[in-house]
Amino acid sequence: MDIDALLRTPSQVISSLDYRRDRWRNGLGWTREILRLPAQGDGWALRLSVAEIEQDAAFSAFPGVERELVLLQGNGVRLRFADGRVAEVLPPHGRVRFAGEEALDGELVDGTTHDFNLMWKRGLLQAELLHRPLVGSMFFFCEPGVAWALYLLAGHAEFGADSGLPPMQAGDTAWLGAGERQRHALQGGGELLAIRVATGG
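For the sequence shown, the numbering used here assigns the number 898 to the initial residue and increments by one for each residue that follows.
These are calculated hints, taken from the structure and not from any lab test.
One or more hints might be untrue.
[Said to hold, decoys possible] Pair ranges (Cβ atoms, derived):
| no. | residue 1 | residue 2 | range |
| --- | --- | --- | --- |
| 1 | 1061 | 983 | 42 to 48 angstroms |
| 2 | 994 | 1087 | 19 to 25 angstroms |
| 3 | 1008 | 1082 | 36 to 42 angstroms |
| 4 | 1067 | 1036 | 20 to 26 angstroms |
| 5 | 938 | 987 | 41 to 47 angstroms |
| 6 | 899 | 1086 | 34 to 40 angstroms |
Even glycine gets a Cβ: it sits at the ideal position worked out from N, Cα and C.
Please put together the full structure from these sequences, using the hints given.
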């Protein structure tokens, strides 16, 4: 798999209206897939999605994958791991990182939740997720082997006029592809999840 080529996937804004909704592998919840690299097949290196958890359920296993979960809507979910650990993902935007091969069950605190789900292949990529307010302008630097994914939690945002990218509404995602060193300016108001994706493990 050519990881450098994957990260050079062209910059784009993905509307929340275009996310693909599918059943979980274990049939116990729904996923709205935002982005998968490569775009086809199960042999992906990076996947962004929104999980809809409607009932207490076991999580699907993803061996060799690192995962990070961020609460978007709802009263939270309690993750119970097979080794006895418990992680609570609570409002407003609680988060937890864990290994995809770990056996765990999700227990709803009170009603359905929607959760941002970041997954990347260990050893191929590194990913760092930041939760930041958007006030005025923010700058994101792409370069060879470094790309960014931006999920707008709330508010509105737009890139510079020369970017060729459309404005973002709450729930949309921007992918800023790697390549020659470039500065992307994002302006607006609200808050976002910013994910730095880089080659290497």
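Verification of the supplied hints:
no., hint, in the structure
1, 1061 <-> 983: 42 to 48 angstroms, "holds (46 angstroms)"
2, 994 <-> 1087: 19 to 25 angstroms, "holds (24 angstroms)"
3, 1008 <-> 1082: 36 to 42 angstroms, "holds (39 angstroms)"
4, 1067 <-> 1036: 20 to 26 angstroms, "holds (21 angstroms)"
5, 938 <-> 987: 41 to 47 angstroms, "violated (35 angstroms)"
6, 899 <-> 1086: 34 to 40 angstroms, "holds (38 angstroms)"
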